[in-house]
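Asks: What follows is the residue order along each chain.
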Amino acid sequence: MMLISRLALAVLSVLALARILPGYVGQVFPKDYETVLIAYGADPQRLIFKHYRSGKWSYSDDGGNSLTEDEVRTALPFAHFRELERLGRLPGEVAGWPFDPEAVARYGTRMRLTPRQLDKPDFSLYTLMESEPGATGLQVPPDMFRMTERIEFIDAASNRIDEAKSQRYNRALAEAGFTHPARLAGDNPSTQKNYDNGVLLVDAEWRVFHLWQVGGEPRVARTDTVLPPSALAIRVLQHPGREYHGIVTLPDQLLFLDWEQHAPHRLPLDGHLPAVESLSVEETPLSWEFSHTRNETGTRKFVLTDRQLAPLLRHTWHEGDTDAGKRAMRAKAMGFLFPFKLEFHIDERTQHSLYFSTFGAPWWVTMAGIASALCASILWCLRRHGRLPHGLDLLFVLLTGWLGAITLAVLGPLMRSHPGLPAWRNTSPMQP
Amino acid sequence: MKNTHASMAVRGLLYKEWIKLRYLGLLPFALLLIALGDSFYDMHGLKSANGGQALWHAVIFRSHMPFEPMRYLPLSSGIWLAAVQFAPECLNRRLRLFFHLPVDEHKALCLILGLGAGLLSALTGGLCLAQAALISLFMPVEAARLSILALTPWCLAGFVAYAVTALIFIETSPVRRLWHAGIGAVFVLALTDARGYGSHVDGLPWFGLIAALWFAAIGNVLERAKRGGGS
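Just so you know, the protein sequences line up as chains B and G, in that order.
Read in the numbering used here, the first sequence has 55 at position 55, and its numbers run on one by one without any break.
For the numbering used here, count along the second sequence from 1 and bump the result up by 1000.
The reader is advised that the hints may include incorrect statements.
[Stated by the list, open to error] Computed footprint of chain B on chain G; a stretch qualifies when at least three of its residues, placed anywhere within it, have a C-beta under 8 Å from a C-beta of chain B:
no., segment
1, 1041-1055
2, 1128-1140
3, 1198-1205
4, 1209-1221
Calculated from the structure, these hints are not laboratory results.
Beta carbons: idealized from backbone N, C-alpha and C, even for Gly.
With the sequences and hints as input, model every part of the structure.
Replies: Okay, here's the thing in structure tokens:
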């Protein structure tokens, strides 16, 4: 029992060190890596790179030419049309398309999809607004609904189920062929939008349904779209252009649901994994631009498509050799000192848990670090206790490297190698 | 005869714990009542002033926590209860007396820890149930469920803090006391620093295991204190 107790404290110590030490040691290494945003300039046709490093922006094109901020504004008239309008420098046409600020605003969707949106815990309560609100405009509804074995509207004022409304909506869903319980639901509770596009529901058979409230009454659209059971999320879109109703997230791809028939259209992304990569979507009247990246990888993938999502151009940006070298050096040094690190919270997740990871160092660097920790542990034991460490202590250091060696130096050995010596002697490590 | 002695010793230990906890052990429960009252009036005030919609939207879309003042209640209660139980046993080298009881010191330690953890369980259980009941008065059951999940890591922080405080009192080396405090702070901060509902749902089993490990770790420190104490 005592061994288990000692192991418990040693394991807790290693976990805490794996949480603290890599963070502090990592501060030694510079973090001024370059990040980049990519956009497409339609006239003349070229990629524009917005480089960010150490709090400063710089700009260039795919020919390697440096650009000023003003030149970027001119090269990307769709993204900067408000500024150009203020300056009185709106172009007459772009790539043969007569420039229309109203159309640019209508087809100027910008979205950012992040992995954090997928694991965010929710209340499983959804809002359904009045889709034809008339003169009053969009308002926060007085109730919310839940999807269980039926749809239930709960009135916020009384905190009671509105049976009459629930029955009306249940009837409408049943008539449309909806099978409970719902697998997924996607609403948009914001009132800061041009119109309300209701709620997208996925029934027990993974068929997509669209529910609106029109004049207080339910309107349900049963679609022919049946999602695979691996679908992770569905979101309703309310873009001014009214080309797509929603977006569906699958483990390895994203689908737009079109306006006419809710038919799925796969986004032509290169190996995008929504659970670990963030995606930026920018729409212009001429094209769609998609760009996705993963934290601390030094790469970004860009895809330009036409309005029908057919790919026109693909580009992968890699960070420069200097940054890659700095990243590799940091990985080697950290990998030598620590075989792993522990984080309770990572950028890609909303959930606080135990996230173990390595530093991406070559295996021989990690092994060299562990070997040095073993040597240090043996020397410490010989000097401090006048004997070799027990096999269990060596195994512990073998598995945990310097983290385990430091722990045993402070707490004492897990096992005594000589029966005459007490394990975990009651002496401070600072004493001789 | 030996059993009778042991039984008397256990009853003596229980009586000693009763004397230590009968007044001071009630303080966390008094604070709990105040915090529950604060939570009720927070929700009631928001609903009275702006309607049920405003309360729902504050909670669901802006992650407003009416029970925010309870964030550090289990944590401080854990430290307080451990201090009340172990300070009289450990200060001024009185821990040596602990090893001369007619009952095994590890059983005695388990008894003391069991009482403290039981009291903390009653406090945290009462906190979760009472808060869920309060939220259910104003909001759907989904909100009550998620509020329990938001409170659970704070409650676990209370158990970690209790075990770490006990460990610090039993430990005889100042360096190791600092070590235990630092290591414990890492886990306590991990459990209490999150904002928003349900942020620890996936990690709760792991953090529960960590809390259990802290309790398991106390035994060997007592054993070491016994050896160092020259018993």
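Asks: Please name the hints from earlier in the document that this structure breaks, with their numbers sorted from lowest to highest.
Replies: none
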